[in-house]
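Engineer: What follows is the residue order along each chain.
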Amino acid sequence: MYIGVDYYPEQWPKTRWAEDVRLMKELGINVVRIAEFGWQLMEPEEGVYDFSLYDEAIELLTSNGIKVVLGTPTATPPAWMIHSYPEILPVDENGVTISFGARRHYTVNSGKYHQFTKKIVTKMAEKYGQHPDIIGWQVDNEYGHEKSDRSYGALDRAAFQCWLKEKYQTLDELNQQWGTVFWSQTYTDWSQIPTPRKVYQEHNPSLLLDFDRFCADAYTAYNKLQVDILRSIVRKDQFITHNFVFTDQAINQWDMSKDLDFVSFDNYPVWGGLAEPIKPAAIAQQHDLCRSAKGGKNFWVMEELSGAQGWSRIGYLPRPGHIKLWTYQAISRGAEAIVYFRWRAAQFGTEEFCHGILDHDGLPKRKYEEVKEVIQELKTFGDEWINASYEAEVAAYYDIENAWAWGIQPQSDAFAYKQEFLRFYRPVHSANVLTDLVTAADDLARYKAVIVPIYFLTNSEFTEKLKQFVSNGGTAILSYRAGVKEENNFVTGQTLPGALSEFTGIQIHEYESLQTSQQNMVVGIKGTIKGQESTATIWCDLIEPTTAEVLAEYKGCFYEGTAAITKNSFGKGTVYYIGTALEDAMLDGLYDDILAEAQVDTFKTNGEVEVVKRGQFYSFLNHSTTETTPVKLPDGTWKTAATNELVKGELMLKPLQAVVLINE
Amino acid sequence: MYIGVDYYPEQWPKTRWAEDVRLMKELGINVVRIAEFGWQLMEPEEGVYDFSLYDEAIELLTSNGIKVVLGTPTATPPAWMIHSYPEILPVDENGVTISFGARRHYTVNSGKYHQFTKKIVTKMAEKYGQHPDIIGWQVDNEYGHEKSDRSYGALDRAAFQCWLKEKYQTLDELNQQWGTVFWSQTYTDWSQIPTPRKVYQEHNPSLLLDFDRFCADAYTAYNKLQVDILRSIVRKDQFITHNFVFTDQAINQWDMSKDLDFVSFDNYPVWGGLAEPIKPAAIAQQHDLCRSAKGGKNFWVMEELSGAQGWSRIGYLPRPGHIKLWTYQAISRGAEAIVYFRWRAAQFGTEEFCHGILDHDGLPKRKYEEVKEVIQELKTFGDEWINASYEAEVAAYYDIENAWAWGIQPQSDAFAYKQEFLRFYRPVHSANVLTDLVTAADDLARYKAVIVPIYFLTNSEFTEKLKQFVSNGGTAILSYRAGVKEENNFVTGQTLPGALSEFTGIQIHEYESLQTSQQNMVVGIKGTIKGQESTATIWCDLIEPTTAEVLAEYKGCFYEGTAAITKNSFGKGTVYYIGTALEDAMLDGLYDDILAEAQVDTFKTNGEVEVVKRGQFYSFLNHSTTETTPVKLPDGTWKTAATNELVKGELMLKPLQAVVLINE
Amino acid sequence: MYIGVDYYPEQWPKTRWAEDVRLMKELGINVVRIAEFGWQLMEPEEGVYDFSLYDEAIELLTSNGIKVVLGTPTATPPAWMIHSYPEILPVDENGVTISFGARRHYTVNSGKYHQFTKKIVTKMAEKYGQHPDIIGWQVDNEYGHEKSDRSYGALDRAAFQCWLKEKYQTLDELNQQWGTVFWSQTYTDWSQIPTPRKVYQEHNPSLLLDFDRFCADAYTAYNKLQVDILRSIVRKDQFITHNFVFTDQAINQWDMSKDLDFVSFDNYPVWGGLAEPIKPAAIAQQHDLCRSAKGGKNFWVMEELSGAQGWSRIGYLPRPGHIKLWTYQAISRGAEAIVYFRWRAAQFGTEEFCHGILDHDGLPKRKYEEVKEVIQELKTFGDEWINASYEAEVAAYYDIENAWAWGIQPQSDAFAYKQEFLRFYRPVHSANVLTDLVTAADDLARYKAVIVPIYFLTNSEFTEKLKQFVSNGGTAILSYRAGVKEENNFVTGQTLPGALSEFTGIQIHEYESLQTSQQNMVVGIKGTIKGQESTATIWCDLIEPTTAEVLAEYKGCFYEGTAAITKNSFGKGTVYYIGTALEDAMLDGLYDDILAEAQVDTFKTNGEVEVVKRGQFYSFLNHSTTETTPVKLPDGTWKTAATNELVKGELMLKPLQAVVLINE
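Protein chains in written order, with the UniProt record's numbering: chain A, 1 to 664; chain B, 1 to 664; chain C, 1 to 664.
Mixed in with the good hints there might be a few duds.
For identical chains, the list gives no copy identity; a pair is met inside one copy or between any two copies.
[To be verified] The calculated lysine-lysine pairs, modelled on DSS-like cross-linking and capped at a C-alpha distance of 30 Å, are:
1) Lys147 with Lys198
2) Lys418 with Lys198
3) Lys167 with Lys14
4) Lys112 with Lys198
5) Lys14 with Lys123
6) Lys365 with Lys467
7) Lys67 with Lys297
8) Lys654 with Lys632
9) Lys119 with Lys198
10) Lys418 with Lys324
11) Lys365 with Lys555
Simulated from the structure, these hints should not be mistaken for lab results.
All chains, full assembly: derive it from the sequences and hints.
Structural biologist: Below you can see the structure in the form of structure tokens.
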């Protein structure tokens, strides 16, 4: 398997290069990613190309047995370009032009920028497309990151209008689909349509959702522009990928992935300003996204954190053990290659405090030794591991457009899309059940249960698939605010949960948005959660069962006694509806019953231990920084993947320990 | 009486209209407001008019016995207009042009916009001005809402300069009145004068106050422009009104009301993001404003909340009972018509989550039944009730310019104008004493007591009236920061409370602004509050009595023992001065004594019960959502207004119960 | 000595002037500062000059024995100028042009503004440069205050590019020194270089630091432009100064001071919005800055607070006694003249709520009497006092460029430069040890100990001096993050603390940035702090001693037992390194040992009593507003400076009492 580093030879004197490569070899890596911010070096002035620095670096690396992934440098248009063609710069929602001086300072809607992109990508492809030790390409870098997903300038406006024309064909149709009759917004000429610049109140939610779709499509098209050039020139076995970041930005990773050979991902469980890592379930969910965005195909972690990170503010210091733990978590969940960010901390530039395997002094120390240990261990079983298949009995519906719709209308001050998605995903993670993230395009038949968290913006194709799935015996878990919106971001005219009413066996005639300071109570009345209480926050659907049975009800509010959680039979299957944001403890109890009934294999652990099965390989990952936790091994023969030692009965996991066992 | 709904026929398919009207009739309403956002429909392109949709809707409604109020659509200039004349768009204090895409996107200082306004209003007046079932007009919608009160662009600047020229005639006078000698701001040409765009520090407070006056005048003139056209064309018995929102925005509702037949008001005790309704006293005060802004004339609630509200964030869900409670509160305090917002929640547009009597599914449910009950009850006594007179023995001085002056210089971080106004108004509300809100133009002679909260920006006419009023035997209650500012927003050169020093019998040589984290103590030394303690927050005047007696003094600060509350005899009357922001409990005790001495009729209740007398009608309104509270009825015969049942002794009010009794 | 007031005759009717001067004489002042905002009066239109108002005021003042300091009025360019030459206005980081309407609305990089400046300063100098009673000049007013230090417009950009050309000569050198190879930022033409306008992420830290240097240099040059004109025209004995405010703004007070005869300072221990005064140590440190910025020369307090202050928000009310206390604190620490701000509170303009010796009513009251008492007392010994020398045995390194570098990269959310500087300065202040603030230009030989707080941006000249100083027997105290940055804002490539590693006898291979919510513990293992515990916040250096001994170590984190505080012998001296932000109590214990070992004279006091020795004069300043605190006097004869009364044994200091004793 490939294990490597992100390396910036241009940032160090050539006199240091040999020492870097010596240390890399000693560390055991076999790949580096380079060049993704090197446009100025490659095209020092318009139309003049010079690849000598990278030639030299590639020669040194590859002659030492290290393969190379090349990044196209389009995240960093050079100063000369911006100076000559300032229209390339993006514009924010107040009309402020983003300045040169950092990165991602281009609007993806600039034709001029497309021209420059074509030229540099073509040149790079011609130059390196046949190189035997260049194994692949990363296109651009972290599309849309740091608010670069949305630009609101004149070029963007014109492109948005074109996109709308393409989508709706006629203004009548657009006016209909957006409900522009509201507030006299009907457009009588395409050129009247604005980008969502600053208004006194809020823009039309249908316009806003289409603007997000437009932004995402523009990036997908821009990515394809590069991919198409590369594919037409480079060796067939050079792969093409892009390193995603998964935020709620207006980028559609699923669409974009279709044009890539596989997905890459930048894995930063901590970042500047964070006092602790994001939760293990949150990291896991991102890996699941990577794996699922390309139909279950292995992905690369193109940037795997190896030290404390941040720009002007430095975040939580990863503890000894975190590198291995997070590396193993990634591979367990579908990564086939790990590229650590970054080889050595930079002495200059915005990312001075992005610490690497080496710190500023360039000496191999704790982190170097930790990575070395990981690599040595992986040499013994990594190749086998990444070829092992994963099986997910559970899927969770994740539609980026739903995330955008929530971003446009969070409805409660306490609502955050990621947090709520995680609320309903975490219990499965906690039960150590591998979960695929699916969209309307995916086949559900292979799963036993499908979770559909906060299914606000519905997708009629998915709704049909889900009904079919349950009809055939599957189990579905839905949450509050399901079925609210049609695809054009209209509110359904049907009684809630709209098209899911018969399916869930309920009707919702009233609901309550709770602000951060408000909460109700829910009490379980059936199953494991019987008698258990939980706060109900963010949102309360007042459920009226039609055919469903009630599993829990509200308490201590004017709708005390009203159903809060229900269970319905639909065809051969079962549909759960959770009408409010519950605490983890009640969700765990509820999911226990659901998963058991759906005959999903779970693996119960204590503390913060995550277990992931990939083929015969079981990763045991203790995310606690302080607690040693025992894990009871199921029957069967267990041996350590790295050393083939037999393990029996109970596995003791020290804080942050990560162990891979083989079960035979 | 009129009870109706705000209806948007244009937002629903015509096939639904008949069902809507059927449900409206069943509900019992007799009026709808329509068309206030329908410009695009009425003028689909410049100079082309088409009233067919509204013709049809009006025909359907009126043929079913429902009267119509028509809104002029000027809150929503259409896309074609903005595209052709972008100079209509307003500009914020940073120079950012507000975009098309929501509403109120016009600067009231655009001559071009005046032209368009004249044309559409003329056309509407000509079209509908003689219609027998169109009973009146609402001009525009919620002037100034959502920061649309102030615009800072080139057109606004020119208009501001004109307004100043008109006001001051000479630059010498302006320079004098603004104190421009400070910081070399003297203007030598009218064109040098800026709107208050972004500066490093803060603008001249006299300029800022004049800018607010200018903005308010511009809106008053703009309103008059529409009113004048309507009056010149429509039937005499079609009324003309505007639906105010009462915030501290730069709109002068008193001035504007002069041009209206009566005041209308949009009553939203909760809005998006609010976790609970605003306090009953705060709602009551807004009704008092409505009643008082037009000299005690009945007003309309043109939008009365009927469900949870909000744009992208939804606020507190009104409980069962709230609709009736708030309806009755409004009528008790001067409303003669109630128009519920809105008939049905929209499926599209910014206001998707403004819930109505019907929700998105269009089915009559709890809220529909609640409104129906209200209407049925009101049918029995509503007409009599709205014709009953109200008598206020107490007045509170409320000058919007004073609110602006406080907005410009709040002086303490803890200060908020509305909160402090309410601090001194609430105790009278709590004693169930109806209070008029008066300005310098009003006659005080009819009152027994006048409250003058935080009388910072003085008005010499009012000061004289107040002195006369007390001189003749009246009672005045003043608070901290009285008498500070002259009308040009200069600080008085007299010892505080300036022109009120002899009147109050005190001098203030020192004072202290307290920040949120700071507080002092006050202890009562006379009357009911003797020995009672209260925190003193926000501001402390260190009072030196000249002729006044001391009712309370400070404690636990370097001015311990200094007077905090005083009482002075002036002529035949009495003047109280409250030098700090006290807690409610001490204010209640203090007001008890004051009201008793002034022989004001009070009606003591427990819990959150509000009692309002309007003629013989007494409303008993329990604002508590949880507590049942008894009210002891005074002697006399009491019967329910709706059913003529006798009630004796004690009235038990359930949570949120609203009962109207007749006392004979 | 000079004691005076800031007076604005232009803000009052001439009929009031005589009364003002009478009250001033009665008060005992002998100097006023005038005219610093009077440009419009002096140049009412372009090229037309009129000094008649100031002529008259100066005549009245000086004929009454009051000397005059004249301010040049360049903080307030008049309306006519801005209207004719709007390019003078500064521009913020979003491209928003700052409006006329307050003050400091000029970019220091405007050539047009330089021309206007030259003309008005020349005219003033010619007019008043020989006046016998005009004793000196204040140039402009509070450079850089209220964010006026940085402007980002087209003129600024061009000037920045020129400055860079001057500094780096070649683009190659600039690209090298900024590390522009990072993110393809290499510049191929000077005109490509931006000012740091809004970007999606963060600008290059080397560009940012140079931009701050450029802004500071531009102001230094602008100041010199005025100084040079004045010097070339005015009498030799008219001094030239400027009134600094010490914030982290991009102004280099040290550089600028070289061109001034002495430093002035505006002393506002409280300001609008502050609920309490800044700490005595924080005020003291600002005085030390003043004294030290001009090599120990006496300074003027050109604005000494005399009442509550604020623009639209008023801060903490100075208590009776504060005026005297803060006046004496200033003189104790190097002030030779006190000018109170302001004579009387203005009735108009932005500063209406900047209260003065007189309030708006112009009557002499408490504050007037308090100032009078101070002046009377100072008449008896002030002249002697301000001529007494001060001796500092301790110095603290304070480099404004270091402050800028921290502003650019605070690294922890909890970090604030001033707070951290004070953390390591306060213990010396608490031990009543006078501390000079030194830069690389200063001689260290005269000190026994040098504190070098958060020495992030190193200065090689200072590093060498410090080593030499310790080598010769001195004591140095360094803190966390020492030695990190090179002068171009690159991170050192050496193991931390970089060039200070051998010096401190330690290496730092790991560190942890702590966010506000995080903390570790430190426990002392040697000396006074043995067994003492303290929280460790903001930052933790994990120290590996090479030659140093360990004084304290971490506890309760993964690096428990690692050194947190060390002590190293270097040459004949000693170097302490404090690797984290400790609580005051532990720092006090630690400093006790250090100062004792370094044989620094301390003067222990209880409560909030500050003692400052200046020659034979000892100020005893009780900063507590509530506690009476005894001070044990050392042996020797003690008498009061004002009255020559003997004082023995113990001095009882009432709250806020300030007493000056002479020790013989």
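Engineer: Honestly, which of those hints from before does the structure not fit?
Structural biologist: none
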